[in-house]
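J.: One-letter residues, chain by chain:
2 protein chains.
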Amino acid sequence: MRLAAALPILEWGRHYDRKMLASDVVAALVVTIMLVPQSLAYALLAGLPAEVGLYASIAPLLLYALFGTSRTLAVGPVAVIALMTATAAGSVAAEGSAEYLEAALALALLSGLILLAMGVLRLGFLANLLSHPVISGFITASGILIATSQLRHLFGVAGGGDTLPEMLTALLPALSQTHVPTLVVGLASLLFLVWARQGLKPLLERLGLAPRAAELAARGGPALAVIGAIAAVAGLGLDAKGVAVVGTIPAGLPPLGLPEPDPDLWGRLAVPAFLIALVGFVESVSVAQTLAARRRQRIVPDQELIGLGAANVAAAATGGMPVTGGFARSVVNFDAGAETPAAGAFTAVGIFLAALFLAPLLALLPVATLSATIIVAVLAIIDVNAPLRIFRYSRRDFAAMAITILVTLLAGVEPGIVAGVAASLLLHLWRSATPHAAIVGRVPGTEHFRNVQRHEVITFPHLLTVRVDESLTYLNARWLEEFLLAEVAARPALCHVVLMCSAVNAIDASALESLEAINHRLADAGIRLHLSEVKGPVMDRLQKSHFLDDLSGRVFLSQHDAFLTLAADPDGMAPPLPDPWGPRGLI
Amino acid sequence: MRLAAALPILEWGRHYDRKMLASDVVAALVVTIMLVPQSLAYALLAGLPAEVGLYASIAPLLLYALFGTSRTLAVGPVAVIALMTATAAGSVAAEGSAEYLEAALALALLSGLILLAMGVLRLGFLANLLSHPVISGFITASGILIATSQLRHLFGVAGGGDTLPEMLTALLPALSQTHVPTLVVGLASLLFLVWARQGLKPLLERLGLAPRAAELAARGGPALAVIGAIAAVAGLGLDAKGVAVVGTIPAGLPPLGLPEPDPDLWGRLAVPAFLIALVGFVESVSVAQTLAARRRQRIVPDQELIGLGAANVAAAATGGMPVTGGFARSVVNFDAGAETPAAGAFTAVGIFLAALFLAPLLALLPVATLSATIIVAVLAIIDVNAPLRIFRYSRRDFAAMAITILVTLLAGVEPGIVAGVAASLLLHLWRSATPHAAIVGRVPGTEHFRNVQRHEVITFPHLLTVRVDESLTYLNARWLEEFLLAEVAARPALCHVVLMCSAVNAIDASALESLEAINHRLADAGIRLHLSEVKGPVMDRLQKSHFLDDLSGRVFLSQHDAFLTLAADPDGMAPPLPDPWGPRGLI
Numbered sequence: 001m002r003l004a005a006a007l008p009i010l011e012w013g014r015h016y017d018r019k020m021l022a023s024d025v026v027a028a029l030v031v032t033i034m035l036v037p038q039s040l041a042y043a044l045l046a047g048l049p050a051e052v053g054l055y056a057s058i059a060p061l062l063l064y065a066l067f068g069t070s071r072t073l074a075v076g077p078v079a080v081i082a083l084m085t086a087t088a089a090g091s092v093a094a095e096g097s098a099e100y101l102e103a104a105l106a107l108a109l110l111s112g113l114i115l116l117a118m119g120v121l122r123l124g125f126l127a128n129l130l131s132h133p134v135i136s137g138f139i140t141a142s143g144i145l146i147a148t149s150q151l152r153h154l155f156g157v158a159g160g161g162d163t164l165p166e167m168l169t170a171l172l173p174a175l176s177q178t179h180v181p182t183l184v185v186g187l188a189s190l191l192f193l194v195w196a197r198q199g200l201k202p203l204l205e206r207l208g209l210a211p212r213a214a215e216l217a218a219r220g221g222p223a224l225a226v227i228g229a230i231a232a233v234a235g236l237g238l239d240a241k242g243v244a245v246v247g248t249i250p251a252g253l254p255p256l257g258l259p260e261p262d263p264d265l266w267g268r269l270a271v272p273a274f275l276i277a278l279v280g281f282v283e284s285v286s287v288a289q290t291l292a293a294r295r296r297q298r299i300v301p302d303q304e305l306i307g308l309g310a311a312n313v314a315a316a317a318t319g320g321m322p323v324t325g326g327f328a329r330s331v332v333n334f335d336a337g338a339e340t341p342a343a344g345a346f347t348a349v350g351i352f353l354a355a356l357f358l359a360p361l362l363a364l365l366p367v368a369t370l371s372a373t374i375i376v377a378v379l380a381i382i383d384v385n386a387p388l389r390i391f392r393y394s395r396r397d398f399a400a401m402a403i404t405i406l407v408t409l410l411a412g413v414e415p416g417i418v419a420g421v422a423a424s425l426l427l428h429l430w431r432s433a434t435p436h437a438a439i440v441g442r443v444p445g446t447e448h449f450r451n452v453q454r455h456e457v458i459t460f461p462h463l464l465t466v467r468v469d470e471s472l473t474y475l476n477a478r479w480l481e482e483f484l485l486a487e488v489a490a491r492p493a494l495c496h497v498v499l500m501c502s503a504v505n506a507i508d509a510s511a512l513e514s515l516e517a518i519n520h521r522l523a524d525a526g527i528r529l530h531l532s533e534v535k536g537p538v539m540d541r542l543q544k545s546h547f548l549d550d551l552s553g554r555v556f557l558s559q560h561d562a563f564l565t566l567a568a569d570p571d572g573m574a575p576p577l578p579d580p581w582g583p584r585g586l587i
Numbered sequence: 001m002r003l004a005a006a007l008p009i010l011e012w013g014r015h016y017d018r019k020m021l022a023s024d025v026v027a028a029l030v031v032t033i034m035l036v037p038q039s040l041a042y043a044l045l046a047g048l049p050a051e052v053g054l055y056a057s058i059a060p061l062l063l064y065a066l067f068g069t070s071r072t073l074a075v076g077p078v079a080v081i082a083l084m085t086a087t088a089a090g091s092v093a094a095e096g097s098a099e100y101l102e103a104a105l106a107l108a109l110l111s112g113l114i115l116l117a118m119g120v121l122r123l124g125f126l127a128n129l130l131s132h133p134v135i136s137g138f139i140t141a142s143g144i145l146i147a148t149s150q151l152r153h154l155f156g157v158a159g160g161g162d163t164l165p166e167m168l169t170a171l172l173p174a175l176s177q178t179h180v181p182t183l184v185v186g187l188a189s190l191l192f193l194v195w196a197r198q199g200l201k202p203l204l205e206r207l208g209l210a211p212r213a214a215e216l217a218a219r220g221g222p223a224l225a226v227i228g229a230i231a232a233v234a235g236l237g238l239d240a241k242g243v244a245v246v247g248t249i250p251a252g253l254p255p256l257g258l259p260e261p262d263p264d265l266w267g268r269l270a271v272p273a274f275l276i277a278l279v280g281f282v283e284s285v286s287v288a289q290t291l292a293a294r295r296r297q298r299i300v301p302d303q304e305l306i307g308l309g310a311a312n313v314a315a316a317a318t319g320g321m322p323v324t325g326g327f328a329r330s331v332v333n334f335d336a337g338a339e340t341p342a343a344g345a346f347t348a349v350g351i352f353l354a355a356l357f358l359a360p361l362l363a364l365l366p367v368a369t370l371s372a373t374i375i376v377a378v379l380a381i382i383d384v385n386a387p388l389r390i391f392r393y394s395r396r397d398f399a400a401m402a403i404t405i406l407v408t409l410l411a412g413v414e415p416g417i418v419a420g421v422a423a424s425l426l427l428h429l430w431r432s433a434t435p436h437a438a439i440v441g442r443v444p445g446t447e448h449f450r451n452v453q454r455h456e457v458i459t460f461p462h463l464l465t466v467r468v469d470e471s472l473t474y475l476n477a478r479w480l481e482e483f484l485l486a487e488v489a490a491r492p493a494l495c496h497v498v499l500m501c502s503a504v505n506a507i508d509a510s511a512l513e514s515l516e517a518i519n520h521r522l523a524d525a526g527i528r529l530h531l532s533e534v535k536g537p538v539m540d541r542l543q544k545s546h547f548l549d550d551l552s553g554r555v556f557l558s559q560h561d562a563f564l565t566l567a568a569d570p571d572g573m574a575p576p577l578p579d580p581w582g583p584r585g586l587i
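In order, the protein sequence lines correspond to chains C and D. Each step along the first sequence adds one to the number in our numbering, with nothing skipped, and position 14 is 14. Each step along the second sequence adds one to the number in our numbering, with nothing skipped, and position 129 is 129.
Certain hints may be false.
[Stated by the list, open to error] Quick look at which bits of chain D chain C covers, simulated, 3 or more residues with Cβ under 8 Å:
| no. | segment |
| --- | --- |
| 1 | 84-91 |
| 2 | 117-128 |
| 3 | 316-324 |
| 4 | 374-380 |
| 5 | 541-553 |
Just so you know, the hints here were simulated from the structure itself, not pulled from any lab data. These figures come from a predicted structure and were not determined experimentally. Glycine residues also receive a C-beta, built at the ideal position from the N, C-alpha and C atoms.
Isolated chain C, as found in the complex (with noise of 0.2 Å):
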């Protein structure tokens, strides 16, 4: 059973037949056709040579086969995992030297690595830092980074930088100098690409073709414009008039070896490949999920870890670049009809094939038509609605957004997600500081108690109810004592305060010690504290401390006893009578 866990093709594999063959080798076909030139693309975006990008949709496929839980994932080098490697190599080495290539693969090594430990220290749950607003901010901003980034080889000019300014600084003086048939070649692409999108299908239909058949082919719309880019540019000689193409890709098997250990270059880029590593994981798990839910079936997260690590650490030993599940392919995947992980294995077959047979071929593709296909997937990406859905339900989480697509725009991918993350977790624990707490009071002639500031109740002004909406932890317990203690400062006839715990799922040892600090002062101020409908599990705990015994005032299972009790004792004269509660609590 764990080995089965650990290996989750023990498992698969054990019932493979004849029937998922062919569905698997169908669904290999068509995802090998859409990667290839996603794989060339994304390797250009990175900074890479364009074998890089084949090199890394061959091992760690395999590697994901064996090891990965989602059936239907289709990993390989995605754009914004490519955007991150270039922003962090760049900063250790200058584009195109052998320090960069170096640089990527310890970045494929490195964060390979990281996935493997979190997969085996079961730190899954790190990937929880990265919220929905902050990943949406992340990737639009990431997705204007990358468009913009690509502008400069469709124009057919210099340019550079990690920062929207950087780029715009470097690309707009630059437009004078425009390639016109690079433009031509691009533009071309570029309109092909987004009529593909939309207009593929219904023409293939109109051709004879089945619908399903016709949405898979629609799909290879990249293979097809890289065909015709690469026709255009044989039959009109448009390299020798000085359109940028990809160049001679070396023919034949990937190297071979894991890169040397260098501490000095794996310290600078050990916190880009973490990022790398979260960024990559949070994409994946939830492609994956989503895929596997479609059909009722499973993805373990913490077993992902595992996969998509041993998939990276493959990429890192095969001349390859940092991977992910990639979220276009692995739906064409499911649409293709893959029903298990060895449609990925027969995917790693056909690119090996592509980088054997193809390459020469590939010599003369513009670079200026992978470009396009760049942009337009990362445009269609990018939710626009995000921001405006995200303002109108939270601001909080709105700003948490803004901030990460501000700071990744003005200072890079990087800074980004760090201070997307930190404001997220600032946002959240200023949020669980300042919980929401209402005074309350009875409805008239009801057992109900509501806020006094939003219905007409009954109070008394020898007694205050507070009810706290949220749990009591290290984070509020200090607002808490400061809530009480200004309230009662407020109230000079008081002499009951009643907790009313009926939102409180926990009350960590911060909380424990706050509220017997409450007790103490109250109790020198001659106030009594009480508290009422505290949860069974809330109740265990509190009994294994002395709270209870030096409480000044009583435990109430409900707060309608507690109202009727106090209110009857405007003195707080009544001895505290004995807890009625039992060793197993209410609820």
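Position chain D relative to chain C; hints supplied.
T.: Same frame as chain C, now just chain D:
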């Protein structure tokens, strides 16, 4: 009003009368007698000349009297802050050098500026990051470090070090060179001080003092020890026999003027200064709150930041060291009848006169006696029962405490406090990320719903009800998806899932997206998602999103209602009913 909030003296100063003046002067006299030896001792602990302690007990008290909100807090050098100062200053300069003193002044200035900035920006909630178990563990471990660091003065040997292993490694071999006259003075001081804590008050009462006067006079134990030790040194010529004494203290005014800006030094001291500010603030506020509550007064934590910040800047400008509110001396101030912060100002005058006229007399004070006062003071603040008490209450809180104690002892005060904060934060995030959730069923014959694992309840194969005992936030949004999808994957006959939200106090944007994803994924699998017992404020917010429009199921006012309705729909074929919810929500 605003001016009065920023300058609390304007509030209490208007009502100041002769009776208050008399009370404050008496309290100031008692505190001065207690503070003189404490100031000298904590300067020694910080590795600074004795007069620095006195200087830190003059101007800071005046500034706190202007800006602080506690009527009875007594500000000055305290043990834990002195130890942190020694560690931080020792990391940039050698003890006894001019640079070391400069570093101490810079620490006072920086922590003062940090406190002021936190006050202006209303960042007092950051102090919540220090949970009670972390503070308690830190004070225990610091107390052990402080007591150990003073043993060398007690034995009259060389020593040093920032961590327990370093201190013991330096101290133990040196014990063979113990200076017997020093040890005799030290032990005599120690025994007297230990006795004085319990025995001085009854003795004074027997000598005819009124109980309250005896209690206050008994606080003069350290002053008596100092006088006795000076007399012994002078009478027996102990300084000539090698007993280390404080030596000449320059009489007169403290040096005036802020330290020169030194970006390099300040950069290296920024983190320690922040930690000093945080620890000092937390300690001070908890003392101030305890005392204020006894008289039904209030303190304003954000204004306390201003008061303590101004006090520290004043310390830096007058040759002092970092200061904060001290526990023992504030209690004495309170017990002695201090009514307003003017008592602090009068104490400053007292210390000023002591620095002016007593300084020459203190030259013969043995260092071993000061060490004895430090040891007795810090051992009194260690709460030896706290670890066991917290262990019984909560393993997680105990883990945070144990990490703080171990790291402080083994790696020093700064790593200790950082490790404690990080550990509590991670444990809190982990707790938030993996909340308690229960699958519930109906208790036969009632409208109550309980955990299926604990109770005999009614359930149906086509209906799953999950109660989540935590607010839904980005930290547990992914957990919720995984939990629900795993439960769904295990139930082939399922067609209704009800999320019972009675303990959900909030749903943030990430959790909302997860709920939307869950809704869609369940719908893909032919399962309807329903909510029950949603709280009013949560419902208000959900109505600002599209979630309710897309929800495949219904929102039920009560779980009982949901159970009755859905139990009667075993195929999930009944059309969704209109939402019965009004615009205001239930609660």
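J.: Are the hints correct? Go through all of them and say.
T.: The hints, checked one at a time:
Chain C is given as covering the segment 84-91 of chain D, and this is violated because 0 residues of the stretch bring a CB closer than 8 Å to a CB of that chain, at least three being needed. For the segment 117-128 of chain D, the stated coverage by chain C is satisfied: 3 residues place a CB nearer than 8 Å to a CB of that chain, which reaches the threshold of 3. Against chain C, the segment 316-324 of chain D contributes 0 residues with a C-beta closer than 8 Å to a partner C-beta. That does not satisfy the three-residue criterion, and the hint is violated. Only residues whose C-beta sits within less than 8 Å of a C-beta in chain C count toward coverage, and the segment 374-380 of chain D has 0 of them, not enough to reach three; the restraint is violated.
For the segment 541-553 of chain D, the assignment as covered by chain C holds, since 4 residues bring a beta-carbon within under 8 Å of that chain's beta-carbons and 3 suffice.
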